[in-house]
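Trainee: Now for the letters of each chain:
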Amino acid sequence: MAELTVENLHLTYGTNQILKGVSLTLNQGEVVSLLGPSGSGKTTLLRAVAGLEAPHQGSIKLRDRTIFDGAAGLDVPAEARNLGLVFQSYALWPHKTVFDNVAFGLKLRKVPADEIATRVKKALGELSLGHLAERFPHQLSGGQQQRVAIARALVYNPPVILMDEPLSNLDAKLREEARAWLRDLIVTMKLSALVVTHDQSESMAMSDRILLLNNGVIEQQGTPQQMYAEPQTLFTADFMGSNNRLAGQVSELQGDAALLTGEGWQLRGRAKPSAKMGAAGTGLIRLERVRVADGPGDNRVQPELKTSMFLGDKWEHVFNLGATMLRAHGPRALSPGKHWVELPREDFWIF
Amino acid sequence: MSAVSAALGGGGSRGASSLLTWRALTILTTAVAVLGPLSLIVYQSFLTAPFFDARKTAGFGAYAFVFADEDFWKALRNSVIIAGGMTLIAVPLGAILAFVMERTDLPFKRWFEPLILVPSFVSPMVLSFGFVVSAGPVGFYTVWAQDLFGVAPWGLYSIAAMTVIAGLTHVPNVYVYASAALKSLGSDVEEAARSAGASPFRVAISVSLPLILPSMLFAAVLVFFLGFELFGLPLVLGDPEGILVLSTYLYKLTNKLGTPSYHLMAAVAVCIVAITFPLVLLQRKLLQGARKYATIKGKAGRMRELPLGKWTGLALAILGLYLFVTVIVPLSGIALRAFVTNWGFGVNLSEAFTLDSFRFVFQEPTHTRAIWNTILIGTVGGALTVACYTAIGFATHRRDDGWSRFVDYLVLVPRAIPGLLAGLAFLWVFLFVPFLQPLRTTIFSMWIAYTVVWLAYGMRLISSSLMQVAPELEEAARSVGASRGTISRKITLPLIRPGLIASWLLVFMIFEREYSTGVYLLAPGTEVIGAQLVSLWQGGAIDIVAALSLINIVLVGAGLAVALRLGVKLRD
Ligand SMILES: Nc1ncnc2c1ncn2[C@@H]1O[C@H](COP(=O)(O)OP(=O)(O)O)[C@@H](O)[C@H]1O
Ligand SMILES: [Mg+2]
Chain A
122 MAELTVENLH
132 LTYGTNQILK
142 GVSLTLNQGE
152 VVSLLGPSGS
162 GKTTLLRAVA
172 GLEAPHQGSI
182 KLRDRTIFDG
192 AAGLDVPAEA
202 RNLGLVFQSY
212 ALWPHKTVFD
222 NVAFGLKLRK
232 VPADEIATRV
242 KKALGELSLG
252 HLAERFPHQL
262 SGGQQQRVAI
272 ARALVYNPPV
282 ILMDEPLSNL
292 DAKLREEARA
302 WLRDLIVTMK
312 LSALVVTHDQ
322 SESMAMSDRI
332 LLLNNGVIEQ
342 QGTPQQMYAE
352 PQTLFTADFM
362 GSNNRLAGQV
372 SELQGDAALL
382 TGEGWQLRGR
392 AKPSAKMGAA
402 GTGLIRLERV
412 RVADGPGDNR
422 VQPELKTSMF
432 LGDKWEHVFN
442 LGATMLRAHG
452 PRALSPGKHW
462 VELPREDFWI
472 F
Chain B
31 MSAVSAALGG
41 GGSRGASSLL
51 TWRALTILTT
61 AVAVLGPLSL
71 IVYQSFLTAP
81 FFDARKTAGF
91 GAYAFVFADE
101 DFWKALRNSV
111 IIAGGMTLIA
121 VPLGAILAFV
131 MERTDLPFKR
141 WFEPLILVPS
151 FVSPMVLSFG
161 FVVSAGPVGF
171 YTVWAQDLFG
181 VAPWGLYSIA
191 AMTVIAGLTH
201 VPNVYVYASA
211 ALKSLGSDVE
221 EAARSAGASP
231 FRVAISVSLP
241 LILPSMLFAA
251 VLVFFLGFEL
261 FGLPLVLGDP
271 EGILVLSTYL
281 YKLTNKLGTP
291 SYHLMAAVAV
301 CIVAITFPLV
311 LLQRKLLQGA
321 RKYATIKGKA
331 GRMRELPLGK
341 WTGLALAILG
351 LYLFVTVIVP
361 LSGIALRAFV
371 TNWGFGVNLS
381 EAFTLDSFRF
391 VFQEPTHTRA
401 IWNTILIGTV
411 GGALTVACYT
421 AIGFATHRRD
431 DGWSRFVDYL
441 VLVPRAIPGL
451 LAGLAFLWVF
461 LFVPFLQPLR
471 TTIFSMWIAY
481 TVVWLAYGMR
491 LISSSLMQVA
501 PELEEAARSV
511 GASRGTISRK
521 ITLPLIRPGL
531 IASWLLVFMI
541 FEREYSTGVY
551 LLAPGTEVIG
561 AQLVSLWQGG
571 AIDIVAALSL
581 INIVLVGAGL
591 AVALRLGVKL
601 RD
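So the sequences go chain by chain: A and B.
Count along the first sequence starting at 1, add 121, and that's the number in this note's numbering.
Count along the second sequence starting at 1, add 30, and that's the number in this note's numbering.
Heads up, a few of these hints could be off.
What the hints assert, rightly or not - With a cut-off of at most 25 angstroms between alpha-carbon atoms, the simulated SDA-like pairs for lysine to any residue come out as follows:
id	chain 1	residue 1	chain 2	residue 2
1	B	K213	B	M131
2	A	K217	B	A506
3	B	K213	A	A175
4	A	K231	B	I235
5	B	K315	A	Q260
6	A	K311	A	N203
7	A	K294	A	A175
Claimed, not checked - Label-pair distances were calculated between CB atoms; the ranges are:
id	chain 1	residue 1	chain 2	residue 2	range
8	B	S229	A	G251	26 to 34 angstroms
9	A	P198	B	I111	39 to 47 angstroms
10	B	D438	A	E255	54 to 62 angstroms
11	A	G251	B	W141	37 to 45 angstroms
12	B	P137	A	P198	43 to 51 angstroms
13	A	G194	B	S362	55 to 63 angstroms
14	B	D430	A	G135	55 to 63 angstroms
15	B	I111	A	A175	30 to 38 angstroms
16	A	G194	B	S229	51 to 59 angstroms
17	B	N378	A	G135	23 to 31 angstroms
What the hints assert, rightly or not - Only some residues are given here: those of chain A computed to face chain B with a beta carbon under 10 angstroms:
id	residue
18	N203
19	A212
20	H216
21	K217
22	F220
23	K228
24	L408
These aren't lab readings, by the way, just hints derived from the structure by calculation.
Keep in mind that this is a model prediction, so the values were computed, not measured.
Note that the Cβ used here is the ideal one computed from N, Cα and C, for glycine as well.
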């Protein structure tokens with residue numbers, strides 16, 4: 122059952138088109154992340170769902186309750202949508218204690234005082250904030266503020282919880298712990314969540330499904346595995362990992378096999394839908410798929426090693442293939458000079 | 031001077047010590063300009079006769095006389111009533127207007143904002159006069175109302191009317207603080223409340239209002255204390271019925287005894303400062319409270335304006351009525367009155383039309399000099415004033431030592447001294463200090479008084495410009511080897527230039543508007559329109575008052591037009 126359905130949503134600021142026909146669904150118990158580069162319209166989309174932005178076309182439904190319909194002129198105000206929203210800035214009310222921040226939504230729903238107390242205590246307990254109830258927001262650390270913001274959005278059991286970059290204000294180390302914790306929380310509480318992020322590894326770690334937003338349209342959507350292993354467009358492929366990109370000419374194309382010819386090299390790979398015979402093409406391969414070999418062989422090139430960098434758990438080698446930079450991972454340092462490098466056919470995508 | 035730089039912790043390199051000297055000089059000059067006149071008032075209040083009188087002795091005679099005077103207590107009571115009443119009117123109205131302007135989709139907002147601020151730019155003397163010619167017993171609107179409806183159910187010469195008018199004309203003071211507070215209040219905290227299920231009204235009550243409450247309190251204290259400074263309004267509207275407030279009581283003291291009763295005036299002045307100074311300190315405390323939430327106020331982001339829907343009409347009506355009563359009625363009255371020979375029941379507007387008042391104004395040297403001086407003090411004087419304020423600003427910029435804190439308090443002092451008293455104090459300074467006497471009849475005497483009176487206001491403008499310069503920009507200059515002086519001249523000053531130009535425009539406008547500071551300094555040679563109006567009004571020259579008032583409005587309007595054109599923010 123889809124908890125949230127967005128169809129063909131359009132939104133403009135002045136003459137500036139921000140959302141150009143976005144559709145998505147969020148199913149019960151699912152964590153979907155909205156991924157995209159900065160400025161792609163993620164926040165705008167989330168706010169439009171929350172009722173804080175005014176789209177001019179399309180529709181938004183919660184189960185079978187329509188909350189926005191451009192054609193019918195229906196626009197349920199934000200306060201009547203009953204959604205949980207977590208702001209990137211947390212937006213805690215500085216004049217209310219943690220308890221009052223969390224209790225506010227329940228008070229508005231006319232929940233009896235004693236029930237408010239138990240529910241707020243329970244929510245705070247679940248987020249390990251029980252001992253901080255009487256503090257004011259400015260007396261909390263960033264991580265604690267973030268958890269209060271989440272508790273505040275969960276406490277009245279909204280059908281869908283919307284989060285705008287919930288982890289972006291935490292420092293790097295904390296962020297990695299928090300994403301595991303947050304996913305676990307959402308799953309155990311059986312929530313349906315739409316989470317905005319610009320970090321692809323965060324989105325893959327946290328979500329059941331990823332919607333990749335590019336310039337106001339959904340570029341591709343799927344499970345993290347699909348998004349990573351079967352990108353349909355160059356943009357998706359490029360966004361989802363660390364890659365080598367090689368520019369050349371598509372000189373052979375048969376089914377999904379193609380040959381890309383560059384300056385001084387020829388490589389075979391899997392053709393993606395956008396590849397056209399005789400046209401310029403881009404080859405793309407994930408860094409971790411490039412293999413340093415000890416001699417010539419299938420789909421191998423022989424670039425010059427420029428430098429090797431120690432990353433702790435591995436080395437990163439940077440080669441020069443003509444004017445193109447080629448990067449690869451390896452277990453140990455390499456001696457200077459030319460090396461054979463393999464770009465396996467099935468991992469080399471040609472767009 | 032070396033003693034001073036030593037006192038400032040100087041020494042070190044030559045550059046550093048000359049800079050310290052410069053800084054000390056600035057601070058000391060400011061201190062003398064501010065504290066000198068004030069101490070003269072205090073000194074005078076403890077004498078039994080004017081300070082230049084050989085028979086003076088020290089004593090509390092002046093206070094004894096004032097406290098025994100029944101009129102003093104009446105005036106004090108009236109001041110308290112008016113100040114309290116106007117606060118009760120201005121604060122809610124200012125807050126409502128700010129909310130409507132900042133948060134809703136009211137149409138034509140861009141046009142309304144400068145209009146809302148107009149009363150704070152027009153001289154209160156001019157505004158009060160405008161109310162008399164418009165809504166006084168034979169004012170234009172009174173006559174029209176009686177022609178149309180048979181009645182004009184308002185009386186202007188009462189404490190109630192003065193309170194209402196003072197309240198309405200001080201709405202801008204509240205408005206600027208309330209709307210600044212709403213602006214800086216992150217919209218995300220309001221949106222968070224809406225997504226949690228709060229209606230717009232509930233958001234206003236539970237989130238916005240508590241968060242801007244410190245600023246509102248600040249504004250309330252400000253208005254209350256401005257109530258004690260009122261002078262033009264009670265002079266014009268209170269006089270006909272003999273209603274005195276503290277400032278007019280002081281002003282009338284001279285007439286009371288027939289001889290210069292400086293010691294009595296000084297005693298009243300000290301009483302006024304004794305009321306206003308604690309209020310200024312209270313304000314300062316409240317301002318710190320207002321900043322309490324600043325560290326965690328969330329992100330001021332984009333926000334969908336609240337649709338007013340069916341309330342649009344009501345909001346427009348409130349705003350329109352406010353602007354009609356506070357801006358249109360008095361200003362249109364003046365504009366009309368300046369072009370008629372006389373006015374009353376049965377007078378026909380087209381028959382009474384005349385340009386005689388203006389002809390007279392431009393033929394009379396004192397009036398042309400007043401106009402010329404007013405322009406001069408606003409433009410050249412304003413620029414010099416901004417230069418002085420900037421020097422003081424640099425003397426404390428990014429320095430957190432005893433001297434900076436001293437200046438912080440120092441600039442607050444003039445704020446507690448109403449313009450009328452400051453003018454009086456400067457008059458005495460010019461009479462008292464021999465080498466200053468020749469300057470007494472030059473516009474310089476006005477200028478220095480204006481500059482000191484508006485010190486607190488001006489310093490706020492300058493320091494808010496200075497604070498906007500990111501410290502890294504100055505630190506970067508420092509790390510490449512620039513000295514403090516070089517940084518000030520080559521980095522900071524160019525960066526704040528737009529802010530200085532804006533300050534100059536604002537100072538121009540308040541100098542055009544100023545009237546009470548000049549009342550006692552008015553002399554052949556120092557005429558300015560504001561003070562001239564007070565004296566002409568006392569003499570009953572209504573036609574000339576109307577013409578000069580209109581010219582004054584035009585001057586302020588010109589400044590306002592340039593400011594709007596340049597996109598100068600009319601408030602901080
Ligand atoms: N108030 C606004 N007025 C005009 N354009 C805006 C406004 N807010 C955001 N935008 C534009 O909308 C686009 C999408 O912004 P946003 O949704 O915040 O992107 P994201 O969250 O994906 O980084 C950006 O190009 C931004 O410049
Ligand atoms: Mg964003």
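Trainee: Has the given pair, K213/B with M131/B, been kept, meaning a C-alpha gap of at most 25 angstroms?
Mentor: holds (10 angstroms)
Trainee: So, A212/A near chain B? Judge it on the closest CB pair being under 10 angstroms.
Mentor: holds (4 angstroms)
Trainee: Please test the hint of 37 to 45 angstroms on the beta carbon pair from G251/A and W141/B.
Mentor: Given range 37 to 45 angstroms: violated, Cβ gap about 53 angstroms.
Trainee: Hint says 39 to 47 angstroms; check whether the CB-CB distance for P198/A and I111/B agrees.
Mentor: holds (44 angstroms)
Trainee: With respect to the beta-carbon atoms only, verify the hint that P137/B and P198/A lie 43 to 51 angstroms apart.
Mentor: Given about 20 angstroms between the Cβ atoms, the range is violated.
Trainee: Double-check K217/A for me: the hint is only fine if its C-beta lies closer than 10 angstroms to a C-beta in chain B.
Mentor: Holds, because the Cβ-Cβ distance from K217/A to chain B comes to roughly 8 angstroms (cut-off 10 angstroms).
Trainee: Does the Cβ-Cβ separation between D438/B and E255/A fall within 54 to 62 angstroms?
Mentor: Violated - the Cβ-Cβ distance for D438/B and E255/A, about 35 angstroms, lies outside 54 to 62 angstroms.
Trainee: Keeping to a limit of 25 angstroms between CA atoms, is the pair of K315/B and Q260/A held or broken?
Mentor: holds (22 angstroms)
Trainee: Interface hint check: H216/A, Cβ to nearest Cβ on chain B, cutoff 10 angstroms. Holds or violated?
Mentor: holds (5 angstroms)
Trainee: Are the Cα atoms of K294/A and A175/A separated by 25 angstroms or less?
Mentor: violated (37 angstroms)
Trainee: What's the verdict on K217/A and A506/B, does the C-alpha distance respect the 25 angstroms limit or exceed it?
Mentor: Violated - the C-alpha atoms of A506/B and K217/A are around 40 angstroms apart, more than 25 angstroms.
Trainee: Using the beta carbons of N378/B and G135/A, state whether their distance is inside 23 to 31 angstroms or not.
Mentor: At roughly 53 angstroms between Cβ atoms, G135/A and N378/B fall outside 23 to 31 angstroms, so the hint is violated.
In summary, the numbered hints that this structure violates are 2, 7, 10, 11, 12, 13, 14, 15, 16, 17, 22, 24.
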